[in-house]
Amino acid sequence: MNQMHQLNRNGVVIDDTFAEAFGMRATAIIITAPTLKWARQAAITMTGYATSVIGCGCEAAIDRDLPASKTPDGRPGCRVMIFAMGTDELQKQLKNRLGQCVLTSPGSACFADLEGTAPLDLGNALRYFGDGWQISKKFGGKHYWRVPVMDGEFLCEATTGLTKLAVGGGNLLFLAADNAKAMRAAERAVAAIEKVPGAIMPFPGGVVRSGSKVGGKYKGMMASTNDAFAPTLRGVVNSALTPEVNAVLEIVIDGENNDAVAAAMRAGLKAVIELGPKRGAVRISAGNYGGKLGKFHYHLKDLLP
Amino acid sequence: MKALTFTLLAEPEERLDLSALTPAGLAGLADVQIEKLRVGTTRNPALVGDVFKVTGKDPQSIIFEGGSARFDKIGTGLSGGAIRVTGDVGLEAGRKMSGGALLIDGSAGDHAGSCMVDGRLEIKGNAGDYLGGPLAGEITGMEGGLLIVRGKAGNYAGERLRRGIIAIVKGCGDYAGYRMIAGSIVVAGRVGAMPGYLMKRGSLFLDRRPENLAPTFVDCGETDIAFSGVFDQFLIREKIMDKPLLGARPGKFGGDIAVSGKGEILFRRGR
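Keeping their order, the protein sequence lines are chains Y and L. Under this note's numbering, think of the first position of the first sequence as 1, with each following residue one higher. Under this note's numbering, think of the first position of the second sequence as 1, with each following residue one higher.
For the record, the hints were derived by calculation from the structure and aren't laboratory data. Any given hint could turn out to be false.
The calculated DSS-like cross-link candidates involving lysine-lysine, where the alpha carbons are at most 27 Å apart (straight line), are [claimed, not checked]:
#, chain 1, residue 1, chain 2, residue 2
1, Y, K138, L, K57
2, Y, K138, L, K96
3, L, K124, Y, K142
4, Y, K142, L, K96
5, Y, K142, L, K53
6, Y, K138, L, K262
7, L, K243, Y, K70
8, L, K53, L, K170
9, Y, K138, L, K152
If you want the footprint, here are the derived chain Y segments under chain L, 3+ residues with CB under 8 Å [as the list claims (entries may be wrong)]:
#, segment
10, 151–162
11, 228–241
Even for Gly, the Cβ is constructed at its ideal location relative to N, Cα and C.
Looking at chain L on its own, in the form it has when it is part of the complex (with noise of 0.2 Å):
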């Protein structure tokens, strides 16, 4: 069965609420039912018929053809089967994720990942502040799964992360990490400011040593562990890196002791 594809007729003039259009979301529906969605945010909304051409059958594989900074939330609450985006998408992409896959082969928005759960969200470009991060007044980001940014990621990536892995392969800004619980945050590439400020557990793996540092981490000097050969392998596996990261005796910064002080920053030596 083809997959199902929502071709972009052209940039849409509202922002979209595509929450809907998951494998879930559209079981069962028909081209007629599912064109007659509502996914415009204003008064008059939108429909999918509105922006989209829709194509092919497979709900459990859904294809956006082409994108835009307007496509919000898509991918929200994905339990199963894939999404792939050709373009950029908005605010929210992947939100409540708990299992299948979406592909975002441009750029993403704030909040991408935001409490995700399980499955694997790969964004081939850039991604906006707060990666896998808490919505306002939610306690805990991102609670499991996978997360890869090929690009680029903005402030705040990780923040409140309680589990699971984000990957981020061309650096990022300020505060990753910021107040995470637990998990883990791997970045290659220039890290922003203040990176694990107040993290009471989880792990910040970095290929250079962190510059900007908050005063309550302290040095725990060389390691020599087994693990980063087994977690160097798991970034070469899953082909999120092509070298080791960390490489034999990584570094280690130990904190925040501002607060529990049992998380940690390890980072390649030398570079």
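Chain Y on its own, in the form it takes in the complex (with noise of 0.2 Å):
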């Protein structure tokens, strides 16, 4: 195991290590429904298979669900964040992503949330759809369109924003006993983050398990499995993980901005710590690549309660 200083609360110990995230291109809209459950279903559906840019184009994921109170429409919705590498790519997943899940969505409506440095289109996008029956409205500074459906209508606000600001891969690696409490530390940690505004978990239920490194021994592979960290290699790699460690999940974090990141990842810290060794992980560490890559660097010590 690599030998490095280690700091200790409530019993867990935190690694002496840092999270090291990317610049990204992001956006955020808010959909609505005449129900909460519809608006989460359009949202579900709109961020399925958005766990990563490596794979899948972009990573996204529902920030917060939103009261009726609190949305254009006067109905529940909820706000949705999308990351990407590039604006291109991001403008490419929000165009099909929206017109293959929101637009299909009964009872849907998307509005833009995020004031950015560029406009991306949401409805400027999808109007076509409306085959010459679409209507613009320009009222109060914004901008929609109203495609007819089969249930009434699409509205759909023209443009959203585009931060350049947004930062991606903040994570936290919680190291414990068994499955089990790997398991119940990254739910606590989960439930924790979800409350913290601008950022995003994207993978399956906020939670990964196939942590990886960058490259691999076959060609072609950006990425690999990292098997410092993988317990039933421990032994025959070099490995990270000391013997009454058995299981390991991760927690990728994906933000607005540099502080939306910081205090997810401060929340999930303090959300394990609280939880202790014996329900929880023994250990709290975070993946890096060094240093030399992401110009965002998390050190752990920092974010500690």
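Taking the hints as your guide, dock the two standalone chains into a single complex.
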């Protein structure tokens, strides 16, 4: 195991290491529907297969649910965030996912929810589905498209904003005695981070079990298993795991900006430290690439409660 | 700096063309120069100093103390700043406005907001005919901005409207939205005959089912659309309405199918 200075909080060992994250492009929208169930259905469908830019083109998830009083049309909804490495890819993913997953979802409507440096097309990209019957409306400084569909109309704001200040790849690794404890720690962290505005966890349920390292032995592999944290390889590789660790789960965090990622990591750390080593993680670490690839470094010692 | 104020000395003896008295037109002029501007329209036209007492310095904020139905073309081409009139105005108030705000405490004559492009024109009293509409020979009417009439409007409100919003709070005369191209007209209160007659696109939003529609409008039934909620919120936020105009599930007429038929009349059901 690599030797590093370690801290201890409530019996949980905290590695003196950092999460290494990258600058990304991001946007946010609000999806509404007659009920929260259907707003979430549209949002979940739209953010499916969006765990990692490596294979999905973007990373996306629900940021938070919104009560009817907080949405533009007075119906329940949720805020969705989408991240990509470039503006063109973000626009492509946004257009395709909006068209295939939100336009199609019963009763849905879609609104911008990010003041950004540049506009990204929402309704502007989908209006032609109206086949000439679409209606443009501008009022209150906003531009909307109304596209007739079989249950009424799909109301969609023309554009949303793009931010270039987004950060992707904040992370926490929870090292536990067994899978159940690792899962309990991860779920506690997810619940805490879900309350942080402007941060999402794009992996299934917010949790990833297949942490990766850059590259691999096979040609063309952009990423491969993080063998140093795979308990079944302890002893046969340069493992980062001590004997009492038999399961590791990771949470990856994308944020609207640097502060959102830091706040999310802080919330996750606090939740798992409070859970303690007997019920959750015995150790918390973070993934990085030596600090040479990403310009955002989140040192765990700086984020401790 | 105190608002540049034109206090009416007496009811003018002729119709006045006040199009020169805008923030852009008065910028950099001394009081003496302003008082010598011609505003009368007869062979021996009145000057500003003959009609008004001029006080204040800030041309970005202009106040007319007192009004008259002979105050024509007030705020013509207004592009920024604010003009307020504490009484009535005559013809073509706010014509071709492209920005700023024009507030008329009284009523306005015909062609208020004619061909305005942007900005906000609010008339607290009533408006005459051809609200936002074009003058003879012009192809399009209002092309943008927000025009609010707190009272009633006359006939042909929103004629040839192309963009922007006209909101009339206490009803209007016949042929509202006549030959409109696009844009939105909001009417609370009674609407006269033939609303939307020959409209190509655009929307009329009414707080009640329209009577006396042209036979070339077709009943599209009840709609369940998110748009009505968003638009109702906008009207309340802008203090144009104090309660939802359309409500949930407004009724819809489509038309005018005598032309392209892509316009709509959305109305609150049950009234």
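Going down the list of hints, with the structure as the test:
| no. | hint | result |
| --- | --- | --- |
| 1 | K138(Y) / K57(L) | 36 Å, violated |
| 2 | K138(Y) / K96(L) | 19 Å, holds |
| 3 | K124(L) / K142(Y) | 26 Å, holds |
| 4 | K142(Y) / K96(L) | 22 Å, holds |
| 5 | K142(Y) / K53(L) | 42 Å, violated |
| 6 | K138(Y) / K262(L) | 17 Å, holds |
| 7 | K243(L) / K70(Y) | 18 Å, holds |
| 8 | K53(L) / K170(L) | 35 Å, violated |
| 9 | K138(Y) / K152(L) | 24 Å, holds |
| 10 | 151–162 | holds (count 4) |
| 11 | 228–241 | violated (count 0) |
In this structure, the earlier hints numbered 1, 5, 8, 11 are contradicted, and the remaining ones agree with it.
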